[in-house]
Every structure is written in structure tokens, then in C-alpha cells.
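Enquirer: All chains, full assembly: derive it from the sequences and hints.
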Amino acid sequence: MLTPFPIEFMIIVTFAVVAILFVILISVVLVIHKAIEAQQIWREDRLYEEYSVLFAELLLQELPPLTSDAKPSAVFRQYDELIAPMQTRLKNLSSRRRRQHRHVLRKVLTDFAQDLSGETAERLVYFFYAFGFVDELCELLKSRHWWIRAQAARDLGLIRARRGIRYLTAALEDVHPDVRNQAMQSLIVLVGVEALRTIFRISRDLSAWTQVELSVIVMGFKEKAVPYLIEALDSSDESVVFFSLEMLSQIGFTAAVEPLLNLLTTHPRTSIRAKAAEALGRLGDGRAEGPLLSHISSGDTTLRLKAIEAVGRIGSPQAVQPLLRQWERGDIHERIVIARAIARCGEEGLSVIRSIAQGEPSLNTAIVGQVLEELGYIEEAA
Amino acid sequence: MTFLDVLQPVLHTYFLFTIGYFVVVNLTYTFFLGLSFKEILYYMRHNSFGNLRLLVQSEITPPVSILAPAYNEEPTVVESVKSLLKLNYGTYEVVVINDGSRDGTLKQLIEEFHLYRSRQLYLPSIEAKPVRAIYKSKKPAYRNLVVVDKENGGKADALNVGINVAQYDFVCAIDADSLLEEDALQKVVKPFLEDPTMIAVGGIVRIANGCKVVNGRVIEVRLSNKFLPIFQVVEYFRAFLSGRMAWQGLNGLLIISGAFGLFRRSAVIDVGGYRHDTVGEDMELVVRLHRKMREWKRPYRIAFVPDPVCWTEAPESTQILSRQRNRWHRGLLDTMLIHRKMLMNPSYGVVGLAAMPYFVVVELLGPVFEFVGYLTVILLLFLEALNIQMTLLFFIVALFYGVMYSVGAVLLEEISFQRYPRARDLALLLSFGVIENFGYRQLTTWWRVKAFWDYVRGRKGWGAMQRKGFEAPKDGS
Amino acid sequence: MPQTILVAEDQQHIRSLIEYKLRNAGYTVVGVEDGVAALQQAQILKPQLILLDVMMPLMTGFEVLAALKQNDETKTIPVLLVTAQSKEEEVLKGLELGADDYITKPFSPNELAARVKTVLLRATKSRG
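If you read the sequences in order, they're chains A, B and C.
Every number in our numbering is 35 more than the matching position in the first sequence, counting from 1.
Every number in our numbering is 2 more than the matching position in the second sequence, counting from 1.
Every number in our numbering is 47 more than the matching position in the third sequence, counting from 1.
Hints were generated in silico from the structure; no laboratory data involved.
As the structure is a computational prediction, the values presented were derived from the model and not from experiment.
It cannot be assumed that every hint is accurate.
Quick look at which bits of chain A chain C covers, simulated, 3 or more residues with Cβ under 8 Å [said to hold, decoys possible]:
| hint | region |
| --- | --- |
| 1 | 90-101 |
| 2 | 138-150 |
| 3 | 154-160 |
All C-beta atoms, glycine included, are put in the ideal place defined by N, C-alpha and C.
Expert: Written out as C-alpha cells, the structure is:
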């Protein structure tokens, strides 16, 4: 039978001891960590409160009016005087406490920047420079940790620090997508719609997520963004061209028709030509009809289907016959697309579709049945 | 020679084996806990920079088809569909698949949503049971609702029909009784947008028992006042927060819960859709996605979002729970057998060399080893040859690791999402992490061991799961 | 007698700023940082004006506003809402609930003071 202290027993004892010590160690570390963190948060909250009150005063204090012959820089000297006592105070702190205070101060000012406008906001921007926060943020853009870089990029936009433009432009090529995205958004805040030019020129491989973020910005600018979008059509990066095409068709600005036609007929990549066809369809401009019709029998499936859809969106009766010729060649999926397009080509197209619907029940009648229902011409099936 | 003399070397070997197994498993667990911590930290930071609301505002948000299979859901179906129609997202459609229900599920839907028989053609990409009719709503408010009536063929078959009918590139498979968070789709779509090779994303499923549910939304998170659901809450924490989060970091995630998962439609069609001859169709699909993508040498990723996206009703009786666990375990066993070729096969990379072996040795066979251990103890006790001292010690150590792992998972929740606001609930969760080792754990072990027997006997069926409608808990409960 | 203004705003920095601005303009200012306290103080103090942030813990500005308008003692007190960004629905919802005016972040402190003044003037005129 097992002896009282075989080797297995010793192994288990060791395990038990290690396990218990480990759990105890983890709990102790956790508790200590939590306590320290809580204290730190409490201290920061106090400081935050103190600085909010102080800076509310500094931001709102009435300044003596300047004489009419005063230099433009005179107002900055007034600002400097305002914060001089604060700067001396910071200077007299130990380096550890100074870091802490500056950290909180930056947070207070950044929060103010989000909520204020007018003269107060200008004063605030000056404070950011005067305390060296702008330089500090530009420096943080070079941090090893991506989340610090992303935060810095975001804050530079929030505090409207134009000195950051150069650094943010560089951050457009950061390795981490979150940094690139924050840099884009901040650049647009700082520079305005012109920032799009730089963004489109520098960016490579925009992820779909980045495109979503950018799309909201671009749709905010609407027509103002069009020249930059058209310019971006020449980009060598497929994602940039795709995005611009998508946006141009969303904004629906007719000046885009010519460059889009150019892409449709000359671009070497069929994926981009297909996207251009789609965009032209959504613009619905008659000029595009001829070139689109010449693609409805293209050998490339995507391009062909997009061209057919686009022709339908333009919806001129002249397209009915060419579409019907293609109908003969297409498979069932393609026929659905073609039927939709034809049904949109005015009275003429609709009557063609209706006449197919009245034929002997077959696959074709089923297809047009679905299409007519989609377009709201019949509601209930028999 | 006595019987004991023969038995002793056998037991001795088993004992050594157990120790080895124990060491390996617990080192893995510890490693997972650390890895999950890292992954969750990254996720939290990453998430603080992307504004998900943009997905609602943007015009180029990719549309999603939600697939909700329904089988005899008459009491709840209308409520579920209504809450699905109210999600916060750009364009999406809800495809309800009536899997040949024998009750009034379809009738309820037709009356409530003013459905009519649509002429939409049914062009299947995946083979499935025949479709009887496709319905759409006459009311513009329900324009994004599609109801498919088909012949009964099980959940997998219903989902395949859903995939066939879905008109968008992303399909979200859910259970009929899943309660989705309002922004669930936003959260799981984002990984697809960030990585074009993403083919599937899962999210955390939480237990809704005890929570306050109004109009199909969880509005207040509370623990149930029954024992069984709380045990399951701790189990889910462990499985989702530390298990799946760690595996997704290695791109070896093998399970996306059937209660909520978003897939790239084309990828699912390419691998042939759900298999309907297995009880673990959700896991089998994910494993098959891994397998085919690796065989076709396509770059791909399957990810997991540690955000709570979906709430589900957990069984409250041991009888139903035992059936559920039995089914899960048979599903796991079936999936591993179907794809046994991948096991330890280096051409399947991390899936073949790490994820599959882990699931076989720890998840699948773990209960067996544990069960044999208990048997041995009983046998020795019977023969009066048990070294009680040692057995106890062993159990204590095992307990410690078990507790550590559960507590670790609860702490992960505390540092990340903090969905249980009441301190009482947190304390309860932590203590249940300890209590579960006395009784509950043995019970689940037994159910899972029994699953092997049932599998051999050829019981592959689902085992009916009763569902009750969600109700708001009475105040003061 | 100086007029009393109740400022309900959970963000410390912006509350300090509003308090300073309004105090300098000659009002008595009382600041609170959540919706429940706002409601309590409104009943105790009966201020001449309430500045209400929409996003607040415990009770949102809308909830406070609705509660104020239900109570006979407080329903006549004019309310100025502070909203984040100009979301049209939010503004409309606030005005529907009976707010007298609103100001959206980011705002200029001078504009805020001017609006406070107008609302107060309007209120005194209508009363007497």
C-alpha cells in the first residue's frame, strides 16, 4: 500500500503551497493596486476641482481694454500676465508632483476646449501653448504606445493647436489605424475641408471602418468636398478611388460626371470601372447613358451587372431594346437585374415587363413578378 | 496475490497521469487568463477611439441580414421580432424562418405584421428543405421584415434557408429567444470593417434570468434568485471572458455561440452552410470554416468581441439543464470526430496543433478523467485502501485552481464591462465560484460523461427545451 | 435682492465656469452635480432660473424637467437647457417638455450670460 510520504505526496504538497501562495499573492497585489489607484483617483479629482475653479476665473476674467495703437501681440502679453502666477507655482513643485499637476491641468483644459467657443476658446488655445501642452502632445505623438499616440492625435484636434498640423500629417502614416483615424479627424478640425487633399494623397489602404468615419465627415461638407474627391480619383490607391467614387455618388454633384465617365472608359481595373458605373447610375445623368450601354454586355460580370443597374437608374426608354437583347443571354440572377432596369425605363420599359408577366407561367414570368412586386406595382400574389 | 496487488500498479499509474494532466491543464488555464487580460485591455483601448454611432450615421455602413429561426414559438415570436426590428443600426433586414412549426407561430406573424405572400424568387445557394412561401409586410414600417415558411428540418436547415433568402453580404444567426442589445450589430460589424479577411465574429452571451426585461430589452442587470442560473453565470464568464477571448487572440476560436454570431455570407456558402446531421451545428460550422480556409490557403480571421451583445434565458431546472449540457457535449464530440483529420495535423496550424487538442483533451475528455478519479476514490474507500490524507489534499489543490480560474474570470468582468452594478451580486458571483465545486461541478461532469454513452447509442436529437416567455420580475424580488 | 440661479451640471469644469460667470454678473449661484440634487434644491430654494444639463447621472435633465413641471411649486421656474451638440431631436424634446430656452455645447460664456438675462427678463415681465 502507499507509504505515508511517497514522492507523489510531496509533489502535491508543493502544489498546494504554490497554489495557495499564488492566490494570496494575486489577491494582495490586486487589493494594494486597487487601493493605490483609488487614492490616486481621489487626489486627481481634488486637483481637477481646484484647477477647474482657478481656470474658470482665468478664462473669464475681464481684461483692461487695449489702446487702439497697441500691437496685435499685446493681447498675448495680457494672457501671459494672467497665467504667470500659475506657472511660477508649477515651477516650484517637485518634478514628480509637477508631472501630476500638469497631467490634471491638461485634462481640465482639454475638457474646457470641448465645451467652449468664442473669445474664451481663443484664450484657452493660447494657454495650451503657454503651458507647453501643444509641444508635449506633439512629442506624445511619437510615443511607443499606440493608444498614447491616438489620444495625443485626438487632443491636438480638440484644443485646435495649429502647430500640431505637421505632426498630425506625419501621423497619417502611423502603423496603428486608430492613430491614423484620430489624426485625420483632428486635421479636418484644424485645417477644414482642405485637409481632405492631404488625407487622400497620403492615405493607403483605407479600411472600411476608416471609410465609415471619413464618410460622415465628407457628408458634413457635402459639395465643398467634391473638388477634393474628384482629385482623389487619380490616386494610385484603389481604396481611395473607391471611397471617392462612393462619396461622389452619395453627394450627387453633376460636376463629377465627366471624371467618372473617364474612369469608366479608361481605367485599367475592372473593379474600379464597375464602381464608376454604379456611381454614374446614382448620379442619374443622361450623358452617361451611351458609355454605360456599351458595357452592359461586358465580359466582366461585376462590371456588366453594375452597368445594367446604372442604365436602369438613368431610366431612358432608349435603353429598353439593348437591355432586352442582353436578357436573352443572361442567367436567372442576371435576368432579375435586367428586369429591374427595364421596368425603370419609363412607360415603355414597364409595358415590356408587363407583357412578359402576362405570358404562360414560366421562370420569366416569375422573375418579372418579383420585380413588379418590388417596385410596388402588384401587392399580393395569387 | 490479492486483488489489491493487481490493482495497485494500475492505480499508481493513473495517479501519476492525473498529476501530469492536472499540471498541464492548470498551466494552460493560467496562460489563458493572462492572454485574455491582454486581449481585453487591447479591446478596451481600441474601443475608446472608434465611435460606433458613426455606423448609424454613415451612408456606407454595410447592411446586415438577421436570421431568426423559429420553431413552435407562438407565445413569444411577435415580441421577439418586434424587438429585432428596433435595433440601432443602419440598413438591416430581419429574416424569420418558420421551421414547420406545428403551433400558430406563422399565423401570429401574419396577423401581427400584416404579411402577404411575396413573389420573391427562392434561389438556394445551399441545399435545404423546401420553402413553402416567403412573406413580406404590407406595412411600410415593417419593410425590412421577411418571413420564410419552410418544411421542418431542424435549426441548421432553417439557418441554411435563411442564408439563401438573405439579400445582404453579412448574416447574423441568432436563436429565437436571444435578446439582443440595441447596439449589438454595431459592435460585431466593426471587426469586419477593420479587417477584410474577417469571416466570422462572435460576441458574449449573457444570462438573462433575473434581469428586468421590457419590450425585449434587458434594462436592468440583476442576478437570478435561483441557484442554477447563478452557477451558469459564473460558467459563462469563464467560458467567454477567459476561454474565447484567449483563443481569438491566437486565431483559434472554435466556437461561436448559436445564440449570436455574425458571418460573411459568401464564406458560409463557400463551405456549404450549416450541417444538419449534427447537434453541434454552431461549433461544427466554425471548425469547418477554419478547415476549409486553411485548405484553400485563404487568409482569414475569426474574431470574438468581448462586449455583451446578447442575453439568453438559461435553464432553471436540472432536468432541462442536463439535456442542454448533454447536447452540447455530444455536439463537441461529434464535431471533433467529423474533423479528426485536423487533430495534430500541422497543415491546420494553430487550430490543428493547439485548439483541437485542447478541446479534445480538456473540454471533451476532462470530465471523463474527473469521473474516473471520483470512481477510484470510491473504489479505494470501499476496499479500505484510501489514503484519505492525500485525496483530501489533492482535492484542495484542485479546488484552489478551480476557484482561482473562476475568480479570475469574474475579475476580468469587473475591470472591463461591470455589467452587474450591485456589490451584492458581485460578492454572490465570487462565492458561487467557490460553491460550484461542491456538487454543481460533479453534476455537470456526470451529464457530460453520460453524453458519451448517449452518443454511442445514437441519440443525436436535440432534446426538447421548454421555453417560457420573458416577464418583468415582480418588484422587490 | 440678487436673483438666485440653480446650476445643475455634472462636469466639474463647466460648472465652475458657469458659476463664476453668473456670479460675476451679479446673481446668487447654487451648483449641484446630479439630477436628484437638482430637483431637491429646486424645491427648497425656489430659484428664479434653473440651468439644466441634459446628460447627468441619477436623473437626466429631461427627467428633472418633467418632474419640475409636474410640481405646482416649481412649474413656473424658467429652465434653460444645456445640451451636447445640436441634436435637433434633443432640442425639440426639451422645448416640448417646457424648457424656456436652450444652449448647445460648445458655447461662448458671454452668450450664456446673455441668454440667462433674456430668460429672466421674460419671466419677470410675464409675471408682473
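Enquirer: Hint by hint, note whether the structure agrees.
Expert: Going through the hints against the structure:
1. 90-101: n = 5 at 8 Å, threshold three: holds.
2. 138-150: Satisfied; 5 residues make the cut.
3. 154-160: holds (count 3)
The structure fails none of the hints (numbered hints given earlier).
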